[in-house]
Every structure is written in C-alpha cells, then in structure tokens.
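**Student:** Based on these hints, arrange chain P on the given structure of chain C.
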Amino acid sequence: MNDLTHEQAQELFSDRYDGTLAPERDAELAAHLASCEPCRREQTEFEDAMKAVKTASVKRPAKAPDQKEFTARVERTLSARSDGRFFGPKGIWGTMPMAIISLLMLAITLAIYLIAKRSTTGSLKEPIQRRDHGGEQLPRDLRNELPRP
Amino acid sequence: MALDEATLIKRLRERDERAFRQLVDEHQNRVFGLLVRMIGNASEAEDLMQEVFIQVFKAIDQFRGDAKLSTWLYRIAANTCKNRMKYLNRRSYSKTDALDPTTEGAEVEAGGQPLAARVPTPDRMLEGQQLDAIVQEAIATLDEDHKLLVVLRDMQDLSYEEICEVTGLNEGTVKSRLHRARMALKEKLAKRGV
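Protein chains in written order, with the numbering used here: chain C, -19 to 129; chain P, 189 to 382.
Isolated chain P, as found in the complex:
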C-alpha cells in the first residue's frame, strides 16, 4: 500500500528502503519528463535522474517540509540539470541523441538540417510527431532560464506557486520571464512555420 506524503517523508528520513522505492516509482516519469525536455538527450537524462534520486536519498534530512515533496524533488532536478548543462556546455556537448522520431512522443534532435527534411512523410500521424519535434527543437534553443520556465509551466503543468518554490524566484519575476520565454518560443515556432 502506498504511503501518504507525511509518512513517506518520515520513513525516508529513517532511510527506509521501501519508502525510497515508492518515491522513485511515483516520481520518475515526471522527473524524467523535466530532465529530458531540459537536456534533450534521453540517456543523459536517465543518468541525471539517477543522480537526482541519490541526492534526494542523501539530503532528505534537509527537506523542511514547507513545500510539497515533489516540488523539492523538482528543485533538486532543476539544479542538477543546470549544473550538468553548464558542464556539458563547457565540453561543447551536442544535444543530438538519435532519439527515434517515429516513436510516440519522440524528442527532438537539435541542430542539423530542418526537421521537415529529416522526417519525410505526408502522413498525419507523422505530421503530429514532426510538430512535437519542432516544438522540442524550439524549446531546446531557448536560453536556460526561459527553457526551465516553459518546461515547468507549459509542459509539466506546475502552478506558479510551485514554480516559485522550484526556482526560488518571486511570482512577478516568474510571470514576466515566462512571458518573455513564451514570446521567444512563439518567434522560433513561427519561423518554423507553426
């Protein structure tokens, strides 16, 4: 039986292995969604996700409990992701990952020739996938802070309150930055014909 959040946190603090297993099972899809959309590479996102959960296991005593556990988890994921992106940028990391564009919800391959040229089919379903890939590609080219806000709000569906807790920004700043991010995204998508 799944533990409620208060019990889960208590057990996590006791380093209960079953509680940790529940945490990983419950949150891995959403954490992976955030990481893969931020970093644009599935295997890199998976490695990063492992580090996030290990960090959670180690640092659970630092969780004050004034936010939801999932929000705290997102905060760790966002920070871990930012650090990794800085590291990868220094190493001139390429976001291309050979993610299969024909699978459902395929991620984008950033860079290279236009996606329209790389995914050649008039089929409606594939057009939908093409659109997803274009969106991903456009998001990938946003700058880091903008990308995080768009992913958290428009893809992961977090409330403004949760985003403030994840980013440590106040609501006014989140709103104005998100608006700029959305306008930048609109420009990029308009250029790609969306």
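Pulled out of the complex, with its shape left as it was, chain C reads as follows:
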C-alpha cells in the first residue's frame, strides 16, 4: 500500500485539496506522509499557501470602479463608437415603450374618426355623389353647357 514515490505523493496534493482524491489514493497518500518528513513539510506548505490564497480571494479588490459610473462610461463609449446608434440621445419615440406608442396612435385615430363623424360638413355624413360627365345625374343647365361634338 505505502509505495508512492515522493513525486507521486506530491502530485496528489491538489486533488486532496480540491476534495477529488479517491479514498484509496487518499489512504496511500496519508500512509506516505506518515512516514515521509520532507513530503509532510511540502504538504503543510502547500496547505498554508492555499489558505493564504483563499484568504486573499475573498476580499474585494481595491480600487474597483464605482458600478454606476463604470456602466455609464461603457455606454458613453459605445454611443461614441456607434455614432449614437446605441446609447445615444433619443427622441420621444425612442424612450417610450412600443405599447404606449400603439395605444396613443389608436386613440388619435379614434378621435379623428369621431370628430369627422360628428361634423355636419364632414364627408362621412353624406355619401359622395357621382359626378359623371354625360350622365343623368348632371344638372340640366350644366348638361347644356357641355361641348357638343
């Protein structure tokens, strides 16, 4: 069982640290470490180093940019690089949601229709009479004025 070389034993440090070492390999490593002082020292140094890295990793890196400021900066850059196509200043149509725009258009159309319908002079009140040159609908006096062939 205890026939790992120093190199083989040290190759297992990472797997043991990650918790992915198979139980039988772990037992082999433990047996080797129990009888090998240099590998034990290496193992301790390895664990200490990993602990130090873990401690350093949980801290937020210094000088991290302000979140909102950074987002705004990226947007400004994108706007500049796309000539305002993205993240550029927008008119009312660009900022208003499509649903509101559609409702607004519908309301305007309805309003125009109702106004036209109520109007006494509006064309929706009476049907348009056909004015046909040469037809019977033309007034008599107007028919007389038509050029004769």
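Since the hints were made in silico from the structure, they are not lab data.
This one's a predicted model, so the numbers in the text were calculated from it and none came from an experiment.
Built from N, CA and C at the ideal position, the CB exists for glycine as well.
Hints may contain errors.
Claimed, not checked - Chain C regions said to be covered by chain P (calculated; three or more residues, Cβ under 8 Å):
no.	stretch
1	-15 to -6
2	23 to 33
3	48 to 56
Claimed, not checked - Below, simulated EDC-like cross-link-like pairs (lysine to aspartate or glutamate); rule was C-alpha separation at most 20 Å, straight line:
no.	chain 1	residue 1	chain 2	residue 2
4	C	K43	P	E205
5	P	K363	C	D(-5)
6	P	K246	C	D63
7	P	K363	C	E(-9)
8	C	K48	P	E205
9	C	K34	P	D345
Said to hold, decoys possible - If you want a taste of the chain C side facing chain P, the calculated C-beta under 7 Å gives, among others:
no.	residue
10	R20
11	A36
12	P41
13	P45
14	S59
15	A60
16	F67
**Tutor:** Chain P alone, transformed into the frame defined by chain C:
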C-alpha cells in the same frame, strides 16, 4: 426586474440597452476581479474591462449558448487580458500601480523591495493586508497560463468544467497545469515566509 439568462441573451442579441446595462451591472465586479488579479493594475484592468464589455456587446451573436453567459464573458476577458499582457510585455510595462496597500483587499505592487519593508506595521489587520499583498505579488510572478488557472480556480472559484470552457483546455490538462501552478506558488510563498 432582472431578466433571467435566456431572456437576457435574447434581448442582448436584439441590442437591448437595458439588457446590456443589466449584464454590465451584474458581472463587472467578477470580471474586474479576474482582470486586476491577472494584470496587477487597477486602472489598466478598468480600461480592459470596458473593452471586454464592448466586445461582448458587439459579438453577442457569436455566443452559441452551450455555456453559461458568465463563462463566455470570462473567456473574452481572459483572451483580452492575454493580448494586452503580450502588448504590455513588449512595451516593458511595469505592473506597479500605486494601489493603496492600506485599503481593504489591497492589490500588490510587484517588483521593488520586499513588501515587509514597504508596509511597516505590527498591527494585525495590516499583517493580513501584508499577507494579501504577498499573495498577489507571488501570483503576479507566475507565468501567464499558471496565473490564469490559479486566479480562475482559487480566487474566482470557478469549477473545473467552467475553467475548461474559459481556457479551451481539457480537464486533465487543466488539473495538471493547475497543480504545477499551485506548487510554483507554494514555492514563491514559502520563500516569502508564508
């Protein structure tokens, strides 16, 4: 109300500005964490992060949706970062950034005299910050691929599956390279007395 991922992606493809705003708000801290730890310079990381999000906005149609959006974002960030580091290395860029070591979670200033000499105080809190700075400094001296794996796995807490998607490597390669990276980091930290 925040959009779920599927809706967010759909809206991003439509170039919806609100969706993009949500994406930036939700992911900027983690992307910044990755970039600043990779590049070791906060203002450089911020500039780079802007490029990452702009690239995401432009290239969202190329996102196939077979990975998480955050993983794809990380992939873009990692690639952008690698390219920038190559460019900066050609220009002999110094990683020093005058990041304030007294603020919480201060980043490291690579190079120069040992940190112990530069942060002179016996105070416990400051000792913790010193330790963070030493860790950052040690990570900064790892080579690029090793650094990326350590940052993704041990600092950003990504799963192996996610790391494979970000790096395009298979799991076996990720594991063996990460192990070498961790051993190299252990050596560097041991030399610094951690």
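**Student:** Next step is simple, just say for each hint if it's right about the structure.
**Tutor:** Cross-check of the supplied hints:
1. -15 to -6: This one holds; 4 residues, not fewer than the three required, reach chain P with a Cβ under 8 Å.
2. 23 to 33: With 7 residues close enough to chain P, the hint holds.
3. 48 to 56: With 5 residues close enough to chain P, the hint holds.
4. C:K43 to P:E205: violated (27 Å)
5. P:K363 to C:D(-5): Holds: K363 (chain P) and D(-5) (chain C) sit about 8 Å apart, inside 20 Å.
6. P:K246 to C:D63: Given pair K246 (chain P), D63 (chain C) holds - Cα atoms ~14 Å apart, limit 20 Å.
7. P:K363 to C:E(-9): Judged against 20 Å, a Cα distance of about 10 Å means the pair holds.
8. C:K48 to P:E205: holds (15 Å)
9. C:K34 to P:D345: holds (9 Å)
10. R20: violated (14 Å)
11. A36: holds (4 Å)
12. P41: Status holds, d = 5 Å.
13. P45: holds (5 Å)
14. S59: This interface hint is violated because 10 Å lies over the 7 Å limit.
15. A60: At 11 Å from the nearest chain P Cβ, A60 (chain C) fails the 7 Å test, so the hint is violated.
16. F67: holds (6 Å)
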